[in-house]
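Undergrad: The lines below spell out each chain.
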Amino acid sequence: MNLRRLSLIAVPYLWLFGLFFVPFLIVFKISLSDIALSIPPYTPTLELSEGWAGFKDMVSKFDFENFEFLATDDLYWKSYLSSVQIALISTFICLLIGFPIAYGMANAPKEWQPTLMLLVILPFWTSFLIRVYSLIGLLGQEGLLNQFLMWIGLINDPLIILNTNLAVYIGIVYTYCPFMILPIYATLIKLDGSLLEAAEDLGCSRTEAFWRITVPLSKAGIIAGCFLVFIPALGEFVIPSLLGGSDTLMIGKVLYEEFFSNRDWPVAGAVAVILLLILIVPIVLYQRNEQKMMEAEQ
Amino acid sequence: MPEILFEPWKDPEAKPLIRFQNVTKRFGDFTAVDDLSVDIYEKEFFALLGPSGCGKTTMMRMLAGFENPTSGKIMLDGKDISPIPPNKRSVNMMFQSYALFPHLTVYDNIAFGLKRSSMPKDQIDARVMEMLRLVQIEKFAKRKPEQISGGQRQRVALARSLAKAPKLLLLDEPLSALDKKLRQDTQFELMDIQEKTGTTFVIVTHDQEEAMTVASRVAVMNFGKLVQVDTPAQIYEAPNSAYVADFIGDVNIIEGNATTRDNIVSIAWAEGQPEIIGTPSKPITDGRVSFIIRPEKIAISTEKPADRQNAVQGTILDIAYLGNLSTYHVKLADGTIIKAQAANSRRRASRPFTWEDEVWLSWTDTAGVVLDN
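Line by line, the protein sequences give chains A and P. If you count the first sequence from 1, position 94 lands on 94 in my numbering, and the numbers rise without skipping. One rule links them: number in my numbering = place in the second sequence (from 1) + 1000.
Check the hints yourself; a few may be wrong.
[Stated by the list, open to error] Pairs of lysine-lysine residues, derived as DSS-like cross-links and limited to a Cα-Cα distance of at most 30 Å, are as follows: (1) A/K219 with P/K1139; (2) A/K190 with P/K1115; (3) P/K1121 with A/K219; (4) A/K190 with P/K1121; (5) A/K190 with P/K1088; (6) A/K292 with P/K1088; (7) P/K1115 with A/K219.
If you are wondering where the hints come from, they were derived from the structure by calculation, not from laboratory data.
Could you put together the complete structure from these sequences and hints?
TA: Quick look at the structure:
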């Protein structure tokens, strides 16, 4: 009986261990290494033939040079900061757009809901890359958006959107909005309508009932949606490199350049490790907060 | 001590707290409430009783303000309340699902309505404590709704709806989620609380026993109309229609042709059976009538009783032993089945009657109700 429970629990742990923890250790190891003109392009490497002595030899050559380098060159911390800023603002805009959409879907007539759901998921049927490329066609100076705005006479000269941070925001918000909508929709659809009636009955206006009942009860969905948008947006590479300009600093882009252009795997590894730490901090804080609340309830 | 009768509906001077005036409510083609007028008085415990879909919940939702009548007026304290939104009415509702806010503690649930009013903070605290005591859940004030039992949740819901001291409290099937024993106890408690707070209660239920137990008056509804509004005793003993008689409790309904002589009716109802003698409370016209009699009004005996006007003979088809009572299904010679009930007042007595026994059923001339068809 105990063995069965253990083996059940083991499945996710083995998965995380093999596909998250071990690769992370490898990346971490690379980040502690030095760049070298070899294959793989770093040193030291583990000499399995030398056994334990080889391992000790490897460990003795580790250093934190790459991390020190990241701290001294301001390109990196500026990129991190700019990434966090872009991810935070995009998440916020996604929430502003996504919540009303989810709310509207949850309150739509029952027979409409599957269709609306389908419409939210529909963009995923096209490749992510193609969707970002098509944004180039829409946002460019000769793009549809500028043509349309000039045609209706709102502007005389085309707007410069492509290759700016604005285009990056548009790209991220457009791409990640479904990840905000779906978890919020999932919590709103479960909301018992009689709770809102009860709130009204007890003296709340419609707006007040929304803020006091609907919003707190959809908190779980809002938080899940924010994480689902914030985390991939932070490390986003495709959108800033296709839509952003030369002054768009995002850590995903830096990571790509270190890895593929400079072939500096150890610095790229260090960049990745710090990115992970940035992500882990809010997640751990959130988890701890949840746990505290659970304990307080008991 | 003489009992003071609480019967404001009999006093023509009394002002009703609520007045439904020719209220009609339609949802598309469906008429949920059909040209309905009724007065409900202060401190009443008024029950709306009927099968599902009869319009009782719609009536309650119109009182709470969640629906507006298609035509007609609803007056509260002499004022038309249709333009007043639910959050401005001094009417509170206890929901069938309880609708407790899952993210708030029991205390905050009860305080929710008070915090929306202009009441100062220390008074809110005192009021919440009073409510917690009233429904005896002080111990659970800090818990969340999911951490208490169904019965306790029901109490929280009641306390929350009473906290603002509404003029009128609406209860939508308040006990339907409780098991039978708890439901019965809670019924008495509900009456106690109603008396203590002096609030007017309107309860919606499909459970006739519940309506009879708690209510000062019961309104039996069907297809959006009130069939009968009266005290539980009147509803039971003097139903105004076969529908009401059948809906409330067990009943025998016998149809026949009536002829009246000196306020005594003889009903010819089946060939070879003696005519039923009855005294109607209202004069009736000769012709088709329904004779309605409750099983407990029918005596069952082995010998033909000499002192009763009505007596028929038959054989016992079925016996339902209910503990306190036994119900006998007796088949008469013409095939009619009549239900009779006898109290099992002695514990050790061997059963006087058994299956296939030839028995006499008898009743007095005032035991049944005669209604025009």
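Undergrad: Which hints, by number, does the structure contradict?
TA: Result: hints 4, 6 break, sorted rising.
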